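Sequences are here, hints too, so could you generate the full structure?
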Amino acid sequence: MNYGFIMFYKDFAYSGRAYLLWSYGAAFGAVVLFAITIFSRFLSGKQLVAGAFLVLCTYFVFVSGSRGALLGFALGCLILLLGSGRFWRAGRLQVTTSQVIASFVLLIAAGYVTWMLIEGTATQSIGRFVKLLRQVEGDSIILAANRFNYYAFAIEAWLRAPIFGNGLGSFSLLYKNMELYGVQPHNAFLEILAEYGVVGLALFLLVLGHVFGQVRRAGVLRDPVMLTLLAMFAVQFTNAMVARQLSGQMGLFTMLGLLTAAPALARTAACRPADNPGRALPATVSAPPFWIRWQA
1 MNYGFIMFYK DFAYSGRAYL LWSYGAAFGA VVLFAITIFS RFLSGKQLVA GAFLVLCTYF
61 VFVSGSRGAL LGFALGCLIL LLGSGRFWRA GRLQVTTSQV IASFVLLIAA GYVTWMLIEG
121 TATQSIGRFV KLLRQVEGDS IILAANRFNY YAFAIEAWLR APIFGNGLGS FSLLYKNMEL
181 YGVQPHNAFL EILAEYGVVG LALFLLVLGH VFGQVRRAGV LRDPVMLTLL AMFAVQFTNA
241 MVARQLSGQM GLFTMLGLLT AAPALARTAA CRPADNPGRA LPATVSAPPF WIRWQA
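Under the numbering used here, residues 1 to 296 are what the sequence shown spells out, in order.
All the pointers check out, no bait thrown in.
Now the in silico label distances, taken between C-beta atoms and shown as ranges:
#1 L82 with G209: 20 to 28 Å
#2 M116 with T260: 39 to 47 Å
#3 A202 with L43: 44 to 52 Å
#4 F253 with V100: 32 to 40 Å
#5 R147 with L203: 20 to 28 Å
#6 L107 with Q214: 33 to 41 Å
#7 F53 with G219: 27 to 35 Å
#8 S247 with L43: 42 to 50 Å
The set of hints was computed from the structure by calculation and includes no laboratory data. None of these values were measured; they are calculated from a predicted model. All C-beta atoms in this analysis are idealised placements derived from N, C-alpha and C, irrespective of residue type, glycine included.
And the structure:
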């Protein structure tokens, strides 16, 4: 580490870039804390404590330098906001307390980002978004290695072997004639196309379709636990779409496994008494690890 800067350290090639490891951990925590904050009783001790830690995690995501973690956090919060209730019912606009709190928090964050861009005093994460836009406008998009070059070469590699791909871990070898850390498509779909072809992409989409088909059929998308799991999946899926290669996506497949619990969660929810939906699970059913009571 140099001067307290967490982006790189000398052995990052063996364990991953430090700023990515910490940033996505903070993004996961921030999404869970955001869920606890909006689903807890207004101004309760739990909500205030969760809100305080949410501010700390959010601040870290903003200054850490990880664009993917920031995007994943924003997407996860948006899922929680949109899924926490119906905006329009019986011809009238209806919002829940959780939606009001979440909207207020997101407006503050959006205003802060806008102010930084106007003043030119961006944090590390926002500054790297600006750098990405400058790459598009400048000659570095041609002269230097960047995501746009990786995207274009991934499509070219796929066209070489469109059905079955070029093989596991072949992208770096095709691009640089050697294995180099960080030389990867930085996009799960393009990586699958380049290395596993159309057959691999079809199998991956089949897994995603099966998991989310179960979630939809179970009818638990408004359940706070399932919404939180879905928001956490959004963070990990963003990582797969902009950062780490698929072979290192243990978290992505872990979240897919947890989402397959949707039918079991639906059966558990059906066992709760209508007068106390947040508690009173039957003795034979264990409560989820971080159950959050729904607030109307």
